[in-house]
Amino acid sequence: MKNFLLSVLLASSILAGPPAESRPRILTGEVSQERVFDLTNKIHWYSSLNQAESVARQQGKLVFWIHMLGSLDGAT
Amino acid sequence: MSLSTDPAFSALKNNFVCGYRDISDQSYAGVSGLHKPTGQAINTTNGAGPHNLQLFILSPEGVVLTCLPGYWNSSDLVREMQLAVKLNEVWHNQTLTRSQKDAMFRQMHLSHVEQHPGDMVFRSKMQGFDQKYEAKNRLYASDCIRNPSLITDPSAKKLPQEAFKTTDEIMHQRMASRPFQPYDRFDVAAYVDYGRPIYDKHEDYRNANGELMADRDPKSEPRIGNLQAIKRNRRQTANRTGGWNGVRYYGGNSGRAAYRNAMHAAYGQ
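Keeping their order, the protein sequence lines are chains W and S.
Heads up, the first sequence is in the working numbering, so the first residue is 1 and it goes up one at a time.
Heads up, the second sequence is in the working numbering, so the first residue is 1001 and it goes up one at a time.
Since the hints were derived computationally from the structure, they do not count as laboratory data.
It is possible that some hints are incorrect.
[Said to hold, decoys possible] Straight-line alpha carbon distances no greater than 25 angstroms define the calculated DSS-like cross-link-like pairs of lysine-lysine that follow:
no., chain 1, residue 1, chain 2, residue 2
1, S, LYS1101, W, LYS61
2, W, LYS42, S, LYS1036
3, W, LYS42, S, LYS1013
4, W, LYS61, S, LYS1036
Predicted model only: the values in this text are computed from it and were never measured.
Turn these sequences into a full structure, and let the hints steer you where they fit.
Set out below in structure tokens:
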């Protein structure tokens, strides 16, 4: 399981594409909105760390936990 | 937003249980301009805005494997995810003692810096305003400054880049001193303490080329975060620089100069 996770991460890293510097510096509001939509709708985001840890234990995954100003789908 | 682009997005979607919390009311939180989901976004450097954003990777038991302060490039973030996966294997290895695990944690974080590719290091240059903050406020006490003797004038418009560590190096060095700490005991305030508490690129006040628009005033932008942090920072800066803050110092500027000289003698050249 752990090896599988690592190989997926490594593969996704290799397929990363061009570095950020080669992309446009400014993302329009429209593009930003689409990305926020994908991020918040294609991934489930827990607001309880206890719940996230419980699910992580069940699924054998790690927890990615963000500290941020505001909320992912609202103003930040 | 680096999380919504690959490879980080796919890694998060497929391999992690994700969550977040709003830290606006935390003492260590900084301040940013208010950005709506429909607003513009801009690329920035790794480790920018450490007070406003922290990306934790935890074991399922809530042990901190790594924490990335501020924004991080999508590919660079995945590189750190890979390290976290390996650290989690160490954490769960029942043949190792706790002290062996801690030693491996330190070694793996410190050696990871050496493996960072050049473009990641380039993306990890500390923001200029954060460098100035460190140079002005704690030239001889900052773990962000590799060689303070190279900075002859902390107020100079351009500071010598070779005097500073990059944010990827600072991050791993700070993590190395916090082996396998439980999340609820992780000292976030100390961990994210570098640079100014305010971070804002005024994304919605820029044109398509990324330049600030002359006819719009970024200072009118509403803010989000711990607004007390700005007031506290101004008081602390006034203390350090001798600006009037309602408190008198014995010895005035000469006293502070003596303190700086003593610090220089202790830590300099």
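Going through the hints against the structure:
1. Proposed proximity of LYS1101(S) and LYS61(W) is supported: the alpha carbons are some 20 angstroms apart, at most 25 angstroms.
2. Simply put, LYS42(W) and LYS1036(S) have alpha-carbon atoms about 20 angstroms apart, close enough for the 25 angstroms limit, and the pair holds.
3. Distance check on the hinted pair: LYS42(W) and LYS1013(S) sit about 7 angstroms apart at the alpha-carbon level, within 25 angstroms; holds.
4. Restraint check for LYS61(W) and LYS1036(S): not satisfied, since their Cα atoms lie roughly 31 angstroms apart, outside the 25 angstroms limit.
In summary, the one numbered hint that this structure violates is 4.
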